[in-house]
Structures are given as structure tokens and as C-alpha cells.
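Engineer: From just these sequences and the hints, can you work out the full model?
Going down the list, the sequences are from chains D and Z. So the first sequence is residues 1 to 349, counted in this note's numbering. So the second sequence is residues 1 to 398, counted in this note's numbering.
Don't take each hint at face value.
[To be verified] These stretches of chain D come out as covered by chain Z in the derived footprint (C-beta under 8 Å, 3 or more residues):
#	region
1	149-161
2	279-287
3	318-329
[Unchecked claim] Some but not every residue of chain D turned toward chain Z, in silico, with C-beta under 7 Å:
#	residue
4	A83
5	R145
6	F165
7	G166
8	S169
9	Y172
10	L338
11	V339
12	P341
13	M345
[To be verified] In silico negatives: residues of chain D with every beta carbon more than 10 Å from chain Z:
#	residue
14	T19
15	S23
16	R51
17	G54
18	V191
19	T247
If you are wondering where the hints come from, they were derived from the structure by calculation, not from laboratory data. A quick note: this is a predicted structure, and the numbers were derived from the prediction, not measured. We treat Cβ as the ideally placed atom computed from N, Cα and C, and that holds for glycine.
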Amino acid sequence: MTEAPSLSRGRAFRRAASTALSSRWSLVALLALLAVLTVVFGALEGISGSRLLGLTVRGVLLGGVLALGALGITLVFGVLKMANFAHGDYMTTGAYLGLVVMALLPAGAPVLGLGFGYEFVVALIVVMPLTGLVAYGLDRITFRRLRRRRAAPVMMAMAALGLAFGVRSIVYMVFGADFTFYYQGAARPVVELLPGLRVRTDQLFILGAAVVLIILVYLLLERTKIGKAMRAMADNADLARISGIATERVVFWTWLISGALAGAGGMLYGLDVQLRPEMGWWLLLPLFAAVILGSIGHVYGALFGALVMGIVWQVSSAFVNPAYGPAAAFVVMILALLVRPQGLMGGER
Amino acid sequence: MNDATFLARTVLLGVPLYLLLVVVLRGASAVVKHAVAVVAGLGVAALLVLVMPPGSLSYIVTFLLMGSVYAVITLGLNVQWGYTGLFNIGVAAFFAIGAFTSALFTTLEPTGAMAAFTQQAFGLGAPFWVGLLAAGLVAGLLALVVGSPTLRLRGDYLAIATIGISELVRLVFQNERWLANGPQPLRGLPQPLSCLTSSNGCSYLPDFINTFFAPLSPRDYPYVYVAIVALVLFLVYMGLERAIRSPWGRVLRAVREDEDSAAMSGKNVAAFRMQAFVVGAVIMGIGGSLYAHYVVAIDYGHFDPLYGTFLIWVMLMLGGSGNNRGAVLGALLVWAIWTGASFLVDAMRPTLASISPDLPQRGPYIRFFLIALLMLFIVLYRPRGVLPEEKVVSLARD
Chain D
1 MTEAPSLSRG RAFRRAASTA LSSRWSLVAL LALLAVLTVV FGALEGISGS RLLGLTVRGV
61 LLGGVLALGA LGITLVFGVL KMANFAHGDY MTTGAYLGLV VMALLPAGAP VLGLGFGYEF
121 VVALIVVMPL TGLVAYGLDR ITFRRLRRRR AAPVMMAMAA LGLAFGVRSI VYMVFGADFT
181 FYYQGAARPV VELLPGLRVR TDQLFILGAA VVLIILVYLL LERTKIGKAM RAMADNADLA
241 RISGIATERV VFWTWLISGA LAGAGGMLYG LDVQLRPEMG WWLLLPLFAA VILGSIGHVY
301 GALFGALVMG IVWQVSSAFV NPAYGPAAAF VVMILALLVR PQGLMGGER
Chain Z
1 MNDATFLART VLLGVPLYLL LVVVLRGASA VVKHAVAVVA GLGVAALLVL VMPPGSLSYI
61 VTFLLMGSVY AVITLGLNVQ WGYTGLFNIG VAAFFAIGAF TSALFTTLEP TGAMAAFTQQ
121 AFGLGAPFWV GLLAAGLVAG LLALVVGSPT LRLRGDYLAI ATIGISELVR LVFQNERWLA
181 NGPQPLRGLP QPLSCLTSSN GCSYLPDFIN TFFAPLSPRD YPYVYVAIVA LVLFLVYMGL
241 ERAIRSPWGR VLRAVREDED SAAMSGKNVA AFRMQAFVVG AVIMGIGGSL YAHYVVAIDY
301 GHFDPLYGTF LIWVMLMLGG SGNNRGAVLG ALLVWAIWTG ASFLVDAMRP TLASISPDLP
361 QRGPYIRFFL IALLMLFIVL YRPRGVLPEE KVVSLARD
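Structural biologist: Okay, structure coming up:
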């Protein structure tokens with residue numbers, strides 16, 4: 001028994017060390033280390049700093065789109081405590097709904113030096129609530145039934161997987177497996193942000209639209225009654241229910257917002273890159289990487305994660321085949337989980 | 001069909017039927033059981049070969065063959081999900097790594113003019129069984145690497161990690177030409193015992209066997225392969241049944257039901273989760289190898305999450321997770337639905353064409369839609385599957 005104090009002191013030291021190692025700051029330090037390593041390796045490989053800077057800017061632009069998807073995933077997780085693996089395919093749904101709506105609108109001339117006309121903006125505004133309703137409708141016929149039965153979260157995730165493939169096979173049936181564009185062969189005007197750093201004006205629009213939507217979500221969550229109810233339910237669903245919050249109404253708004261953001265994210269990604277039935281599935285990985293990095297269920301963590309993953313995706317293309325971008329995001333997520341399993345914003349364990 | 005062909009086909013088809021009967025028959029002593037199974041298996045095989053038109057029979061044989069390959073992979077998933085509750089939605093990763101490992105081990109590196117068309121990291125030209133074991137081993141190693149950072153995390157994190165691994169594996173095989181011919185298919189995988197169906201026979205087998213199977217033509221190869229696949233499936237099934245009824249299997253179920261109380265009983269939960277994950281992955285890798293040697297040419301497209309992961313999940317969920325019989329039954333049922341749906345879509349062609357001229361060629365996606373609906377139906381209405389998990393009583397020590 002005489003050894004007990006020193007043993008427990010050793011244990012206490014180890015616990016303190018592991019707590020320090022898994023603190024928020026060590027996660028930030030890990031990301032900083034990765035950034036430094038990138039610059040060093042870039043220098044060794046002969047990749048110029050301006051190229052890396054350019055890719056970082058592109059990463060921020062991509063991060064805006066990822067943030068729209070990641071916000072939806074994290075909101076749904078916060079309120080409903082389920083990982084929605086169909087979220088990527090909701091983005092696909094939005095992108096293709098946009099294609100349909102734009103076909104109904106008369107095509108206008110490109111405006112304000114952008115690569116598209118007013119009809120894209122109109123379609124965006126129409127598609128957002130539409131995708132939100134699709135997401136809610138699918139919840140009504142699947143997840144709600146499982147919630148009523150108090151099914152395990154894993155069964156929800158499995159139903160989401162079924163929805164993901166179901167939605168995608170509908171897209172395949174209606175639109176075929178080939179990729180397509182909103183504007184086939186249209187000119188894509190570019191603008192020089194810094195000397196040697198050119199981005200497409202469309203991409204600036206995409207980032208602007210994403211920022212506006214994120215601010216709207218912030219206002220909705222912080223300033224409106226329904227936002228407050230959503231936060232209450234994310235905190236403690238049972239407590240929210242007995243405090244008289246109409247939980248089904250909160251569920252409706254959660255899906256509407258998350259679906260609308262997914263629809264917008266899908267259309268904006270489609271405008272930037274291309275539309276294809278698998279786009280949502282491929283985005284799922286960087287999206288969840290972003291959400292998990294920032295702690296699943298945390299809105300601001302998701303925004304931070306999306307920014308990081310967008311940059312990782314783009315900057316990795318300087319070193320490896322660009323096809324590996326989403327996988328690079330995934331690898332960074334695994335590294336982050338090793339340091340801090342609960343993510344950036346999660347509580348201390 | 002002459003008598004010699006009849007005999008050869010009957011014996012080959014008798015193998016899966018015999019193994020099936022050994023699993024299904026209950027009671028009686030072992031000797032009686034095996035005797036009944038041999039006689040009945042050969043009898044049913046003979047009847048099938050006699051009565052069925054050869055075209056339909058070879059269709060059924062091919063169906064059984066692919067269904068059994070999927071059954072092996074579904075059994076692997078059952079260890080992970082059914083018994084241990086590990087939410088692995090990256091089955092395709094282990095499936096693909098098994099298939100490509102086996103391909104690299106059993107083919108030879110191309111030389112001369114062929115080298116311009118096919119690149120591969122190495123080619124050992126080893127026999128099929130070496131490829132099969134290597135496939136299991138490498139898939140198990142991958143599971144070890146993936147599992148160590150992710151298995152201690154929550155269920156949905158593991159799900160994302162496994163999706164990530166399956167996408168990563170697919171991307172690697174799609175883009176790295178030097179590894180396994182990249183986007184182009186890797187062709188010419190050897191088919192085990194295919195020499196039986198060639199005119200020369202197998203040099204390493206005694207003459208009387210070669211003479212017995214001499215009447216077979218290369219078109220009869222599925223009869224040979226179905227016997228091999230059935231044997232592997234049987235061994236995997238029996239091994240798992242034994243493992244699940246052992247104390248080890250009991251701990252897995254305890255971990256699935258209540259991690260904390262399993263840990264409180266002194267069980268190293270993390271280690272058991274890892275063991276189940278690796279065992280499941282090894283089986284999936286073996287399934288991948290079986291698949292690869294049947295289709296002969298493989299590329300990354302075969303391991304799309306739709307075919308490589310989702311279909312297998314539907315098989316397990318429909319059959320009944322936590323029940324090895326259910327896993328096998330589910331694999332055969334879903335494979336029947338899947339292949340049957342292609343007939344349905346073919347029959348619907350005129351109707352589809354009248355809706356839209358593009359629709360008939362998108363038939364495969366109609367099948368996927370049906371499978372996705374089936375998955376949703378199972379999760380919503382029949383989450384326990386056709387053969388729900390039974391209360392398992394551990395084997396008594398004898």
C-alpha cells in the first residue's frame with residue numbers, strides 16, 4: 001500500500017497530460033502543424049507560395065459551399081440526434097431541381113460580369129424551399145416513424161442510407177448517369193483578385209451567396225422563437241418537450257432549413273463544377289469530415305470545419321492527384337479525431 | 001447430353017446440395033446425417049440435371065454461384081454488424097481489396113507487348129488458394145489499420161470512417177495505374193480447376209479424376225466453381241457458427257447489447273470490437289477473391305458503394321442480422337430479387353419506352369430504386385428480417 005500514492009500520482013500526471021494533449025488548442029496546433037508542413041513540403045517539391053495561396057483562396061470559396069451542406073447535417077444531428085447520410089443526395093436533389101426550374105424560366109443574358117443570368121438566382125430562391133419540403137416529406141414517411149418507435153440511432157442512419165440510394169436512383173432514372181452543366185459551353189468570366197490570382201466571378205458570387213445564407217441561419221437561430229426552440233431541443237429534447245415546445249414543429253423547421261441549405265449548396269456546387277448524380281455522395285465525405293472536425297451538432301464548429309476541409313481539399317491537389325481531394329479531407333478528419341475525438345467545439349470529457 | 005456429362009455435372013452439383021443438407025439436417029448421428037446428405041444431395045442433383053433444360057440449369061447454377069459469393073460477404077458483415085453492432089458501411093473497401101489482392105497474387109506480370117496495356121505492381125502467379133488466403137489476410141490488415149483509430153469512437157463516426165475508407169480504396173484503384181491497371185480492368189485472373197473442363201485435364205490430378213470430368217466443356221465451368229464457392233461458404237459458415245456459440249461469440253453479443261456492463265465484467269471491449277471487425281473483414285476479403293476469380297476481369301467500377309456495400313446491407317437486413325442462416329438466406333433472396341428485377345425491367349421495356357425514349361437503357365437504376373425501397377421497407381417494418389436472431393445457447397464443453 002505504500003506505493004499507492006506514487007502510483008496514483010503517476011496516473012494523475014498521465015491523465016493531466018492526456019487532457020492537455022486532447023485540448024482544443026492541441027487540435028488547433030495540429031492544423032497549424034499541417035499548414036506548416038504543407039508550406040515546407042511545397043517548398044521542397046518546388047511548389048511556389050503563390051500557387052499555395054491561390055489554392056487556399058479556392059479552398060475558402062469551396063468551403064462556403066461545404067458550409068451550407070455541413071450546417072444542414074449538424075442542425076439535423078443537433079435536433080434529431082441522427083447522422084443523415086442522405087444529406088449529400090439532398091444536395092444532388094437541389095442541384096437537379098434547379099436544372100428543372102431553370103428550364104421553365106426564360107434564359108436571360110449574363111448579368112454583372114457573371115457567367116449566368118437572373119434565372120439562376122430565381123431558380124435558387126425557388127429550389128431552396130422545394131428541397132426543404134422534399135427533406136421534410138421524406139422525414140414524414142421514414143424517420144418520423146422510427147422516432148415514434150424510439151428506434152436506435154443506427155436504424156435512423158440505415159434508413160438515411162436507404163434514402164440516399166433511393167434518391168440517387170431517381171436522379172439516375174430521370175436525368176441519366178452523365179454529367180451536365182447549368183450553362184453548357186458558356187463563357188466563364190474571371191477576375192484577378194491579387195496579381196497572378198485569378199478566380200471566376202461565379203465563384204465570388206457563390207461565396208457571397210453562401211455567406212448571406214449563413215448569416216440568415218445565424219439570425220434565425222439566435223433571434224427568432226423557432227431558432228430558440230431548435231436550440232432548446234438540441235440541448236435536451238425531453239426537457240424541451242415538457243416545457244411546451246411543439247417538437248414536431250421544430251422538426252419541420254429543422255428539415256426545411258437543412259433541406260433548403262442543401263438545395264442551395266447543391267445548386268452552387270453544380271454552378272461551380274458540374275452536375276452529376278453522384279455529386280452528393282462524393283460530397284458526403286468532406287461534409288461529414290467538416291462536421292466531425294467541428295464537433296457534430298455544433299453550428300459554428302461546422303462552419304470552421306467546412307473552411308478547413310475546403311482548404312485541405314484544394315491545397316492537397318498541389319501534391320497528389322486532384323481526385324483525392326475529398327479523401328484528403330477524410331484523412332485530416334482521422335488525424336483530428338486521434339488528437340481530439342469530440343472535435344473542436346465538443347465539451348471536455 | 002450423354003451419360004458421362006450427366007455424371008460429371010451431377011457430382012459437381014451434388015457438392016453444394018450435400019453441404020446445404022449437412023447444415024439443414026438436424027438430429028441423428030453424424031454418420032447417418034452425412035450418409036443421408038450424400039445420397040439426397042446426389043439424388044436431387046441428378047434429378048435437376050436430368051429434368052431441367054440445360055440452359056435453365058446453367059442459369060440456376062450461375063445464380064447459386066453469385067448468390068453464394070455474396071453470402072460469404074454477408075456473413076462477414078454479420079460478424080461485424082449482426083453480432084457486434086459495428087456499423088460498417090464501407091464493405092466495398094474490404095470486398096475490393098480482397099479481389100485485387102487475389103488478382104495480384106495469382107496473375108503474372110505482363111511481359112512484351114502486353115506490358116503496354118496492363119500495369120500492375122506485382123504478379124506472383126500463385127495458385128488460387130494462395131490468392132484466397134492473401135485476400136483475407138490483406139483485408140484483415142486493412143481492418144486493423146482502419147479500426148485502431150475509429151473503433152473506439154461512436155457508431156456513426158465508425159460509419160463515416162468506413163465510408164471514407166471505401167471511397168479511398170476505390171479512388172486508389174481508379175487512379176493508380178501502376179498498382180492494378182488503374183481505370184482499365186485487370187484481366188485474365190486464373191479460374192481454379194478450370195483445367196478440369198479443358199480437353200487436357202489437370203496435370204496435378206490423378207488420371208481417373210481427369211477422365212471422369214473429361215466430358216465437361218469450358219462452358220460447364222460454373223458447375224466446378226459453384227462447388228468451390230459452396231465449400232468455402234460452408235467452411236466460413238461452420239466456423240462462424242462455432243465461434244458465435246463459443247465464449248468469444250457471447251462476449252461479442254454482450255458488447256453489442258451493453259458495452260458498459262461487458263466492460264464491467266472485465267471484458268476488454270475495444271479488443272473484442274477489433275477482433276470482430278478484423279474477422280468480418282477477412283471474410284469479406286475472401287468473398288472478394290471468390291468474386292474476382294469468377295468474373296475474371298475486375299476494375300474499380302465493380303466496387304461501387306451501390307453494388308459493393310448497399311446490396312450487401314440489404315441482404316443482411318432482409319435475411320436477419322445476428323443470424324448466420326439469415327445472412328445466407330438474405331443473400332440468396334436479394335440476389336434473386338436483383339436478378340429477377342432485370343427480367344422485369346426487360347419485360348417493361350416497351351412501357352418504359354413509351355414514357356421516355358431514354359428510360360429503357362436506364363433500366364439498372366430502376367432495379368436500384370427497388371432495392372432502396374426494399375431497404376427502407378425492412379428498416380421501417382421488418383427490422384429483424386426474415387429469420388430473426390435466435391437465442392443462442394453456448395456449446396457445452398464435451
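Engineer: If a hint holds in the structure, say so; if it does not, say that too.
Structural biologist: Verification of the hints:
| no. | hint | in the structure |
| --- | --- | --- |
| 1 | 149-161 | holds (count 8) |
| 2 | 279-287 | holds (count 4) |
| 3 | 318-329 | holds (count 5) |
| 4 | A83 | 4 Å, holds |
| 5 | R145 | 6 Å, holds |
| 6 | F165 | 4 Å, holds |
| 7 | G166 | 3 Å, holds |
| 8 | S169 | 4 Å, holds |
| 9 | Y172 | 4 Å, holds |
| 10 | L338 | 5 Å, holds |
| 11 | V339 | 10 Å, violated |
| 12 | P341 | 6 Å, holds |
| 13 | M345 | 15 Å, violated |
| 14 | T19 | 17 Å, holds |
| 15 | S23 | 18 Å, holds |
| 16 | R51 | 21 Å, holds |
| 17 | G54 | 23 Å, holds |
| 18 | V191 | 32 Å, holds |
| 19 | T247 | 20 Å, holds |
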